[in-house]
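Asker: Sequence:
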Amino acid sequence: MPRDDKTGPVGYDVRDGVAVLTLDAPPVNALSAALRAALRAALARANADPAVRAVVVTGAGKLFSAGADITEFGKPARDPALPEVLAAIEASAKPVVAAVTGAALGGGCELTLACHARVAGRRASFGLPEVRLGLIPGAGGTQRLPRLIGPVAAFETMLSGRSLDAGAAKTAGLAEAVADDPLPRACALARDLAAAGTWPVTSAHPVAADAGTRAALSRATEEAMRRHGALSNTAALIRATEAALALPFAEGLALERAEFAALISSPQARALRHVFFAERQAAKVPGLDAATPTRPVARVAVIGAGTMGGGIATAFANAGIAVTLIETSDELLSRGIERIRAGYATSVRRGSVSENSAEAALAQISGAVGLQAVAGADLVIEAAFEDMAVKRAIFAEIGRAAGPGAILATNTSYLDVDEIAAASGRAGDVLGLHFFSPANVMRLLEVVRGGATRPEVLATAMALAKRIGKLAVVSGVGFGFIGNRMLAARTRAAERLLLAGNPPGRIDAAVTGFGFRMGSFAMTDLAGLDIGWRARKAFGGFAPVADRLAEMGRLGQKTGRGFYLYPEGARTGTADPEVADLAMTLGRELGIAPETLDAAAMTERLFLPMVNEAARILDEGIAARASDIDLVWINGYGWPVWTGGPMAWADDIGLRTVVAKLDAQARQLNLPELAPAPLLRRLAAEGRGFAGFDAERRAEGRA
Numbered sequence: 001m002p003r004d005d006k007t008g009p010v011g012y013d014v015r016d017g018v019a020v021l022t023l024d025a026p027p028v029n030a031l032s033a034a035l036r037a038a039l040r041a042a043l044a045r046a047n048a049d050p051a052v053r054a055v056v057v058t059g060a061g062k063l064f065s066a067g068a069d070i071t072e073f074g075k076p077a078r079d080p081a082l083p084e085v086l087a088a089i090e091a092s093a094k095p096v097v098a099a100v101t102g103a104a105l106g107g108g109c110e111l112t113l114a115c116h117a118r119v120a121g122r123r124a125s126f127g128l129p130e131v132r133l134g135l136i137p138g139a140g141g142t143q144r145l146p147r148l149i150g151p152v153a154a155f156e157t158m159l160s161g162r163s164l165d166a167g168a169a170k171t172a173g174l175a176e177a178v179a180d181d182p183l184p185r186a187c188a189l190a191r192d193l194a195a196a197g198t199w200p201v202t203s204a205h206p207v208a209a210d211a212g213t214r215a216a217l218s219r220a221t222e223e224a225m226r227r228h229g230a231l232s233n234t235a236a237l238i239r240a241t242e243a244a245l246a247l248p249f250a251e252g253l254a255l256e257r258a259e260f261a262a263l264i265s266s267p268q269a270r271a272l273r274h275v276f277f278a279e280r281q282a283a284k285v286p287g288l289d290a291a292t293p294t295r296p297v298a299r300v301a302v303i304g305a306g307t308m309g310g311g312i313a314t315a316f317a318n319a320g321i322a323v324t325l326i327e328t329s330d331e332l333l334s335r336g337i338e339r340i341r342a343g344y345a346t347s348v349r350r351g352s353v354s355e356n357s358a359e360a361a362l363a364q365i366s367g368a369v370g371l372q373a374v375a376g377a378d379l380v381i382e383a384a385f386e387d388m389a390v391k392r393a394i395f396a397e398i399g400r401a402a403g404p405g406a407i408l409a410t411n412t413s414y415l416d417v418d419e420i421a422a423a424s425g426r427a428g429d430v431l432g433l434h435f436f437s438p439a440n441v442m443r444l445l446e447v448v449r450g451g452a453t454r455p456e457v458l459a460t461a462m463a464l465a466k467r468i469g470k471l472a473v474v475s476g477v478g479f480g481f482i483g484n485r486m487l488a489a490r491t492r493a494a495e496r497l498l499l500a501g502n503p504p505g506r507i508d509a510a511v512t513g514f515g516f517r518m519g520s521f522a523m524t525d526l527a528g529l530d531i532g533w534r535a536r537k538a539f540g541g542f543a544p545v546a547d548r549l550a551e552m553g554r555l556g557q558k559t560g561r562g563f564y565l566y567p568e569g570a571r572t573g574t575a576d577p578e579v580a581d582l583a584m585t586l587g588r589e590l591g592i593a594p595e596t597l598d599a600a601a602m603t604e605r606l607f608l609p610m611v612n613e614a615a616r617i618l619d620e621g622i623a624a625r626a627s628d629i630d631l632v633w634i635n636g637y638g639w640p641v642w643t644g645g646p647m648a649w650a651d652d653i654g655l656r657t658v659v660a661k662l663d664a665q666a667r668q669l670n671l672p673e674l675a676p677a678p679l680l681r682r683l684a685a686e687g688r689g690f691a692g693f694d695a696e697r698r699a700e701g702r703a
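First residue of the sequence shown? That's 1 in the numbering used here, and the numbers climb one at a time after it.
Wrong hints could be hidden among the right ones.
To be verified - Cβ-Cβ distance ranges computed for the label pairs, FRET-style:
| id | residue 1 | residue 2 | range |
| --- | --- | --- | --- |
| 1 | 591 | 569 | 34 to 42 Å |
| 2 | 591 | 342 | 21 to 29 Å |
| 3 | 695 | 206 | 48 to 56 Å |
| 4 | 181 | 515 | 46 to 54 Å |
| 5 | 8 | 212 | 41 to 49 Å |
| 6 | 296 | 425 | 36 to 44 Å |
| 7 | 342 | 161 | 26 to 34 Å |
| 8 | 388 | 296 | 39 to 47 Å |
| 9 | 181 | 387 | 53 to 61 Å |
| 10 | 72 | 357 | 33 to 41 Å |
| 11 | 393 | 575 | 37 to 45 Å |
| 12 | 599 | 565 | 20 to 28 Å |
| 13 | 27 | 222 | 37 to 45 Å |
| 14 | 425 | 348 | 25 to 33 Å |
Claimed, not checked - Straight-line distance between alpha carbons at most 27 Å, and here's what the computed BS3-like set of lysine-lysine pairs gives:
| id | residue 1 | residue 2 |
| --- | --- | --- |
| 15 | 75 | 284 |
| 16 | 284 | 62 |
| 17 | 170 | 75 |
| 18 | 466 | 537 |
| 19 | 558 | 537 |
| 20 | 466 | 284 |
| 21 | 62 | 537 |
No lab work stands behind these hints: they were computed from the structure. C-beta atoms are modelled at their ideal positions from N, C-alpha and C, and glycine is treated no differently.
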């Protein structure tokens, strides 16, 4: 007869000789100290109970376990440690089977690896995402996973941080079976193992270590270092995985724990934990809560079939949302749809998308000529030329043509969303959705809240961003919003360095040496110098070298010449002495003294003004929190994630130091605009940082 009770956060239920231990710590069954102790006690109870022949571990709710309780990170360790609990499971006198109903992540996945078998539900997934927190698995994952699915597959799974779904887990050898309801199947398997009197122990599995496997692992680790070598956990993961091949299990486990312990207190891990929590905070929008209604979005219309419009359409189609792509002529529409088809064909050739998935996505995309085609859309996104008159004209027409309740969005990267909204005659339905190019790839979506934007419109945009796999960060209205306003500060600083005689290649080398994948001038060449030139002509700005080059027809990669030369369509530029000479001439005309700086000094000149501008953005309420600014620059502009973003980087330097250096720059260059922003100066005087500023705002309910 079943006996059902709980040992703290772990349920205990005996079913026909099987003790079912249920992890029950809402909302995510995190493996806190209390749960670990309760699980160990429940296992001991099952092993001591003569009526129990086998054990099944499962999770309450929609998932198995999201892993470690990350609120315990940075605090004194509490017994029992997770590796001790997993060792007890593996050494159990009775077989232990995991019934995985949903996600088993991090320590939750490691728990399943220590069990003697695993049964996955249809919606189960297994993942070790610790790399995203600057760590490696620390409870045997690097040693047990290679023994179950092979070292190469295990390494690539851990390095990516991605999860395996139920089918992939069974194919790989991680799950013994997949079932609609995994609990009864797991109980039956546990009874079978008990009846057989023997069961597999993961730590005793041999690891494939033949020459072919070692060569494949070597190739995988070399590629990992090439792409992710700046992250210290990459090398640690390589060492731990190689230990699974070379060392006995106990020694490999000890090496893994040593690597984990060294990483958990490292600056990179702290920065990545900051980013993790920042993403959670970004979803909490002041003025919205769980009760805020959202509007249904079943069909999207995208105005403009150029590169950006096509990318936006692709992002929605990939999520299974019907899209109508709108242009002004059949020719432009055909060209745009053909560009989308070519993009999918390339993805299929590369193996990043299956042919069936590509066909299914393309089936979601239709085309139309004329703005009247927005009539059936729930969301209309304008992705036209960056010209206020053009955008106002479009919104005046779609304000009339779109159905009642349809949301109208502009993809402008810097124009006044409120002015655009006013032209629509229905400003409450309007907001900005600033996608980053390529829109179907880049994760960031700046959601621009207009002065009249209704709460349900903003809530719908946030929910929709999640549906299409974007990280949404809310910005207020202001020139350039968050990201491009800070980019303008870096552009001004880079131009000043150039005018002082530092060639583009050396300045860009300082940027890439800091951790960006692309330098400032190389990025401008890629985007096209005409874009910034038009913006500065309309709104002002300081970039005399870029403006002169644009006026000379040197527009970057698309013309073969910009700050660099691109012979015969090359994607990587080569130095052009003509640009350095032009910069020196303009510098003399502007009275800028020659000055040669090393990489460290150039880094300060480039990035400290960005932090200063960000402080103004915060003070003006355009960003709700400093951590949102970090997310924008990490996910939209390539700021190195291992620093935590520009605001976390400034906190690490210390705001008093930042203020002193900005004061020195302002004096030396005679540029009052570089004087520290009032908020920055106040925080420094109080001995606080941006993290403290965010905490204060959260306490006040403002972030």
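Asker: Against each hint, give a clear statement of whether it holds in the structure.
Answerer: Hint-by-hint comparison with the structure:
1. Taking the beta carbon of each, residue 591 and residue 569 are about 39 Å apart, inside 34 to 42 Å as hinted.
2. Distance hint check for residue 591 and residue 342: the Cβ-Cβ separation is about 50 Å, which falls outside the suggested range of 21 to 29 Å.
3. For residue 695 and residue 206, the hinted distance range of 48 to 56 Å is satisfied, since their beta carbons lie about 50 Å from each other.
4. With their beta carbons about 47 Å apart, residue 181 and residue 515 fall inside the hinted range of 46 to 54 Å.
5. Range check, residue 8 to residue 212: Cβ separation about 48 Å, and the 41 to 49 Å hint holds.
6. In this structure the hint that residue 296 and residue 425 lie 36 to 44 Å apart at CB is violated, the actual value being about 23 Å.
7. Restraint check, residue 342 to residue 161: a C-beta distance of roughly 30 Å satisfies the suggested window 26 to 34 Å.
8. A hinted range of 39 to 47 Å for the beta carbons of residue 388 and residue 296 is inconsistent with their spacing of about 31 Å.
9. A hinted range of 53 to 61 Å holds for the C-beta pair residue 181 and residue 387, which are about 58 Å apart.
10. The beta-carbon spacing between residue 72 and residue 357, approximately 39 Å, falls within the hinted interval of 33 to 41 Å.
11. Restraint check, residue 393 to residue 575: a C-beta distance of roughly 43 Å satisfies the suggested window 37 to 45 Å.
12. In this structure, residue 599 and residue 565 meet the distance hint of 20 to 28 Å, their C-beta atoms being roughly 23 Å apart.
13. Between residue 27 and residue 222, the C-beta spacing of about 40 Å keeps the proposed range 37 to 45 Å intact.
14. Judged by the Cβ atoms, the range 25 to 33 Å given for residue 425 and residue 348 is violated: they are separated by roughly 44 Å.
15. Between residue 75 and residue 284 the CA atoms are separated by roughly 26 Å; this keeps the pair inside 27 Å, and the hint holds.
16. At roughly 22 Å between alpha-carbon atoms, residue 284 and residue 62 fall within 27 Å of each other, so this suggested pair holds.
17. A threshold of 27 Å between alpha carbons decides the hint, and for residue 170 with residue 75 the separation of about 37 Å lies outside it, so the pair is violated.
18. A distance of roughly 36 Å separates the Cα atoms of residue 466 and residue 537; the hinted pair therefore is violated under the 27 Å criterion.
19. At most 27 Å may separate the alpha-carbon atoms for a hinted pair to count; residue 558 and residue 537 meet this at roughly 21 Å.
20. For the hint pairing residue 466 with residue 284, the CA-to-CA distance comes to about 13 Å; that is within 27 Å, so the pair holds.
21. This hinted pair does not check out: residue 62 and residue 537 have alpha carbons roughly 54 Å apart, beyond 27 Å.
In the structure shown, a violation is registered for the earlier hints numbered 2, 6, 8, 14, 17, 18 and 21, in ascending order.
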